[in-house]
Amino acid sequence: MAAKTLIIDGKQVSAENHTTILQAATDNGIAIPTLCHLEGVYDVGACRLCIVEVKGTAKLLPACTTRIYEGMEVTTDSERLRKYRRMTLELLFAERNHICAVCVANGHCELQALAYGLGMDHVRYDYCNPAWAVDASHRFMGMDHNRCILCTRCVRVCWHIEGAGTKNVAGRGTKSRIISDLNEPWGDSTTCTSCGKCVLACPTGALFHKGDTAGESVRDRSKLGFIVNAREKQQWTV
Amino acid sequence: MTTVLAPPKPQAAVRFASLLAGDKRYKILEAHIKKFQHRQDALIEVLHKAQELFGYLEDDVLRYTAWQLKLPASRVYGVATFYHFFTLKPQGEHTCVVCLGTACYVKGANKILAAVEGRTHIRPGETTPDNKLSLLTARCIGACGIAPAVVYDGTVTPRQTAETTLAQINQWVAP
Amino acid sequence: MDRIKVATVWLGGCAGCHMSFLDLDEFLIDLAGRIELVYSPIADVKEYPEGVDLCLIEGAVCNEDNLELLHKVRARTKVLVSFGDCAVTCNVTSLRNYLGAANVDQILQRAYIEAADTNPVKPGLEGIVPRLLPKVRPVHDVVPVEHFLPGCPPSAPRIKAFFSNLLDHTPALSGAQLKFG
Amino acid sequence: MTLNDLQQTKDAELAARKRIVLRCCLAASCSSSGSKGVKERLEKAVSEAGLQGEVEVRGVGCMKLCCEGPLVAADPANTLYVKVTPDNAAAIIAALRGGKCTLPQADPGSPFFALQEAIVLANCGVIDPERIEAYIAADGYLALHEVLAEMAPKEVVDAIVKSGLRGRGGAGFPTGLKWGTVAKSPGAKKYIICNADEGDPGAFMDRSVLESDPHLVLEGMAIAAYAVGADQGFIYVRAEYPLAISRLQNAIRQAKRVGLLGSGIFESPFNFNVDIRIGAGAFVCGEETALMASVEGKRGTPRPRPPFPAERGLWDCPTLINNVETFANVAPILRRGADWFAGIGTEKSKGTKVFALAGKIRNTGLIEVPMGTPLRRIVEQMGGGAPAGGAIKAVQTGGPSGGCIPAPHLDTPVDYESLTKLGSIMGSGGMIVMDETTRMVDVARFFMEFCMDESCGKCIPCRAGTVQMHQLLEKILARRATARDLAKLEELCDMVRNTSLCGLGQTAPNPVLSTLRFFRNEYEELLQPELHAAPPLTAKA
Numbered sequence: 000m001a002a003k004t005l006i007i008d009g010k011q012v013s014a015e016n017h018t019t020i021l022q023a024a025t026d027n028g029i030a031i032p033t034l035c036h037l038e039g040v041y042d043v044g045a046c047r048l049c050i051v052e053v054k055g056t057a058k059l060l061p062a063c064t065t066r067i068y069e070g071m072e073v074t075t076d077s078e079r080l081r082k083y084r085r086m087t088l089e090l091l092f093a094e095r096n097h098i099c100a101v102c103v104a105n106g107h108c109e110l111q112a113l114a115y116g117l118g119m120d121h122v123r124y125d126y127c128n129p130a131w132a133v134d135a136s137h138r139f140m141g142m143d144h145n146r147c148i149l150c151t152r153c154v155r156v157c158w159h160i161e162g163a164g165t166k167n168v169a170g171r172g173t174k175s176r177i178i179s180d181l182n183e184p185w186g187d188s189t190t191c192t193s194c195g196k197c198v199l200a201c202p203t204g205a206l207f208h209k210g211d212t213a214g215e216s217v218r219d220r221s222k223l224g225f226i227v228n229a230r231e232k233q234q235w236t237v
Numbered sequence: 000m001t002t003v004l005a006p007p008k009p010q011a012a013v014r015f016a017s018l019l020a021g022d023k024r025y026k027i028l029e030a031h032i033k034k035f036q037h038r039q040d041a042l043i044e045v046l047h048k049a050q051e052l053f054g055y056l057e058d059d060v061l062r063y064t065a066w067q068l069k070l071p072a073s074r075v076y077g078v079a080t081f082y083h084f085f086t087l088k089p090q091g092e093h094t095c096v097v098c099l100g101t102a103c104y105v106k107g108a109n110k111i112l113a114a115v116e117g118r119t120h121i122r123p124g125e126t127t128p129d130n131k132l133s134l135l136t137a138r139c140i141g142a143c144g145i146a147p148a149v150v151y152d153g154t155v156t157p158r159q160t161a162e163t164t165l166a167q168i169n170q171w172v173a174p
Numbered sequence: 000m001d002r003i004k005v006a007t008v009w010l011g012g013c014a015g016c017h018m019s020f021l022d023l024d025e026f027l028i029d030l031a032g033r034i035e036l037v038y039s040p041i042a043d044v045k046e047y048p049e050g051v052d053l054c055l056i057e058g059a060v061c062n063e064d065n066l067e068l069l070h071k072v073r074a075r076t077k078v079l080v081s082f083g084d085c086a087v088t089c090n091v092t093s094l095r096n097y098l099g100a101a102n103v104d105q106i107l108q109r110a111y112i113e114a115a116d117t118n119p120v121k122p123g124l125e126g127i128v129p130r131l132l133p134k135v136r137p138v139h140d141v142v143p144v145e146h147f148l149p150g151c152p153p154s155a156p157r158i159k160a161f162f163s164n165l166l167d168h169t170p171a172l173s174g175a176q177l178k179f180g
Numbered sequence: 000m001t002l003n004d005l006q007q008t009k010d011a012e013l014a015a016r017k018r019i020v021l022r023c024c025l026a027a028s029c030s031s032s033g034s035k036g037v038k039e040r041l042e043k044a045v046s047e048a049g050l051q052g053e054v055e056v057r058g059v060g061c062m063k064l065c066c067e068g069p070l071v072a073a074d075p076a077n078t079l080y081v082k083v084t085p086d087n088a089a090a091i092i093a094a095l096r097g098g099k100c101t102l103p104q105a106d107p108g109s110p111f112f113a114l115q116e117a118i119v120l121a122n123c124g125v126i127d128p129e130r131i132e133a134y135i136a137a138d139g140y141l142a143l144h145e146v147l148a149e150m151a152p153k154e155v156v157d158a159i160v161k162s163g164l165r166g167r168g169g170a171g172f173p174t175g176l177k178w179g180t181v182a183k184s185p186g187a188k189k190y191i192i193c194n195a196d197e198g199d200p201g202a203f204m205d206r207s208v209l210e211s212d213p214h215l216v217l218e219g220m221a222i223a224a225y226a227v228g229a230d231q232g233f234i235y236v237r238a239e240y241p242l243a244i245s246r247l248q249n250a251i252r253q254a255k256r257v258g259l260l261g262s263g264i265f266e267s268p269f270n271f272n273v274d275i276r277i278g279a280g281a282f283v284c285g286e287e288t289a290l291m292a293s294v295e296g297k298r299g300t301p302r303p304r305p306p307f308p309a310e311r312g313l314w315d316c317p318t319l320i321n322n323v324e325t326f327a328n329v330a331p332i333l334r335r336g337a338d339w340f341a342g343i344g345t346e347k348s349k350g351t352k353v354f355a356l357a358g359k360i361r362n363t364g365l366i367e368v369p370m371g372t373p374l375r376r377i378v379e380q381m382g383g384g385a386p387a388g389g390a391i392k393a394v395q396t397g398g399p400s401g402g403c404i405p406a407p408h409l410d411t412p413v414d415y416e417s418l419t420k421l422g423s424i425m426g427s428g429g430m431i432v433m434d435e436t437t438r439m440v441d442v443a444r445f446f447m448e449f450c451m452d453e454s455c456g457k458c459i460p461c462r463a464g465t466v467q468m469h470q471l472l473e474k475i476l477a478r479r480a481t482a483r484d485l486a487k488l489e490e491l492c493d494m495v496r497n498t499s500l501c502g503l504g505q506t507a508p509n510p511v512l513s514t515l516r517f518f519r520n521e522y523e524e525l526l527q528p529e530l531h532a533a534p535p536l537t538a539k540a
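Chains as they are written, first to last, in numbering that gives the first Met the number 0: chain A, 0 to 237; chain B, 0 to 174; chain C, 0 to 180; chain D, 0 to 540.
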């Protein structure tokens, strides 16, 4: 496969043709903040945290879905990008009830980690404080909509890794929510295999194993990439 | 932890056979789905037909549609709730749709809406407790040249005011 | 050099942040050489004084007393620090917000009558128990705030780091020192 | 169908034409004012007067002056009756016989009509939209024949490039360039989509075209399909336009019946089928990637571009998406020549543009004017200015993605670049006039609420950002906001505009930004003083 040469943050790197900016950067040790991206499932470009500047393009582009080209010049970190990313996080924290102190994912939460990484020490927007429910009907797992950031990772692993199609997004706009089957209690789902991949995929405390303490909520997300690799390439690389 | 298997569910075909037998609207819907050769991309067209037949999209209709198109129920529900045109709740006997497009808005559609809300004590998307009237809003029905427009039971009516609207509503809703 | 005048106030919170402040242990002695504590729930001062250099604010703005005190604090203080998650994010105190602004009375009913084990009575004495605000708000939503030290509570080492930075004129915390929850 | 058949159909249609035609508008606006009843009574009156041999009562599409509907025109006298009621039928018939008529009339020579230049609307309000013969009699499908018989696909693309036609859906992307890209994209299967999801509130141009001249759009689509190598088309129409849907269905049926759609059109190897897809009330589906998701029966959420639909669109096949008005320009361009079209309009914006004129203005309705026409001519001369002697304050174009152009800028010519320079956009053609009673902050709030409700929820800046911007606008309107809040609003506008996934989010701040630009004082008048001025940051402990 042909390789392309490009410049990321002033550093000349080469990557295979058709690679995304995110992949090329990661392979070369350059970290770009992401939230909806998840190794093992396709990208949707929804969270807008991985936006980067590309020379010659006025628009900011999501690194996860933008393919590289020869001679591309990418800036992944600038004052402007950091400001937009911080604002994106502030919007997320204000949108639902992310109360870290009483969250099961406290300390293992990607949203928290991003806030620290971007120096978001407070939220300037009005908290919306919506009234969202917790679905604790499933025998082993729970869904707390208060913590959901609608990254759709759970939907994607359910459809494309597990193949069950139990979860989906319903409604739209800020009223969007993750549902099981026909908006039924998760525990009543006739399609859920209880495989737990959605919990593994969830970046926050929205999906959790019942009974886990905050200290036990560590998630080994590399398992998802492992399964996909094994299935698609017949390579079991632990 | 032991895994407990869920009790066996009745076969979908058996379940839906009883629906088909009991309600001829399902027969019509089935014919419509056949017209689209059960294509999954016809989901929205099928839901349009279903809503036309049933008045709203009740759970069984959604399940039936999912089964016929071989789609996960979550997908059908996700689509049905994405589009404003679909309603999952039964509508009242009459409907009053206040257009809130820009032209109607600058000509006072919000006053019409406020008047109806005040009269009926329901908000857009709701139905009066006696099930007489559903109040809805539209994002623009393209009747801007005759704004403000209100749609009463499907009939677009031009140049409405709070007074004319209330006069119409009063024929439907108990005092 | 004169010691800087420091105050701490306690709005709607659990006092955990103040406890954590006391966990500074021997650093408190170092601190005492550089600051003068002019107002605090752990010092018996009745009136918030004028001309305070720095004030740590624990807790969210929940009731009318909080609001009144906060405005006074802002007017009389050079630098405000939102101290702990309740001040920064409203934290647990905001759990009543999603019940809606109109339900303040129901919240009291739930907390003091329905959930009471013994002697159910609603604290309603005018002028003695301050009235709840319709919505709990973070401190910076009410007055401008200079620095934020989140955490539930902020741990003593982080409070120490914050003070050290501040007194050495390198104020903000870096990402590595940030912590919510 | 052959050229000969086409000619015979035309001849037969013209031969059967009666001396006098009473055109009765049956488009949505006039219908809702009762024009169907008018037509029935006119037919009755004609037969009662024994004039069936001489007078045709013809139901037609939009006759443009919607505010005065129901409209009836009498040809060839060129009399235009307004606000016609069924009871007026007898008087209209009497007038045909030379009787004196006191019915209210509009002057077809007035600026509203005289300053129009009809390309897209040429047949609109003239022919019966429910009969393909009527379209053929107006030289319909001649261009398609010429294209299939005499031109290579590349030549068709070149003609569109040469004409300078740009997309009429809003952004103004050069149509020829788009066609060329789709034509060049490799793939055995390609699709054509006509975007008739006219979601901008205040816009009804596409509805009027579909209701009044559906075959014009079908012909344009067929020509485009030939040019890019597609054999399947979809028309995505909003469910709110039932009349447009039924006329399209009727038109497709007729075209199939006579062999102008389907296999082997005009006895060439070219096949083209068109299906209708009915939208279900989602503004975001006007965005092309969301629209494609909807055509595939999915939630109408957009996806990042690239890849562009021209390369990977419907079911990952190269797909050409144009809007109704763009397709409606195609047949006239090929029939009358690219040079003719390029001779109309301005240097960079060619041809005409259809606008839906509405709001606080005397004449509301449909107009088609050459690109470059000054706004003032449209709103003051054609529109007749604000009603009851009021003053026009601003003109809103581009719907929720556009902006408000203030009265001092009314001499701006309407073309893509000039409107963009003023912080608005051409948009699809909705033009809402606002007078002195309109509060601009409220207008901004109105559009922000719209965008908030219509946000699909996929990307964070649009989903959560519109909510916060809406709250800030509410706060300003409630006189609870300070200068800090206004600064926060402006910062959010910048962020949402630059980071949102699709056009809806990227343009959602436009109404705020444009009203801030020209009516900042209206915002500032509502602000409250800061209770505590932030102390200077140098006052560190």
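No lab work stands behind these hints: they were computed from the structure. Hints should not be assumed to be uniformly reliable.
What the hints assert, rightly or not - One side only, chain D facing chain A, incomplete, derived with CB under 8 Å:
1. T101
2. R298
3. Q380
4. K457
5. M494
Said to hold, decoys possible - Per label pair, the in silico range of CB-to-CB distance:
6. C:G99 x D:L476: 45 to 55 Å
7. D:A187 x A:Q11: 35 to 45 Å
8. A:A30 x C:S154: 21 to 31 Å
Beta carbons are placed, not taken as given, at the ideal position from N, Cα and C, and that holds for glycine.
We went through each hint and held it up to the structure:
1. T101: 54 Å, violated
2. R298: 7 Å, holds
3. Q380: 38 Å, violated
4. K457: 5 Å, holds
5. M494: OK, holds: M494 (chain D) within 8 Å of chain A, min 5 Å.
6. C:G99 x D:L476: 45 to 55 Å: 21 Å, violated
7. D:A187 x A:Q11: 35 to 45 Å: 40 Å, holds
8. A:A30 x C:S154: 21 to 31 Å: Cβ of A30 (chain A) to Cβ of S154 (chain C): about 26 Å, so the range 21 to 31 Å holds.
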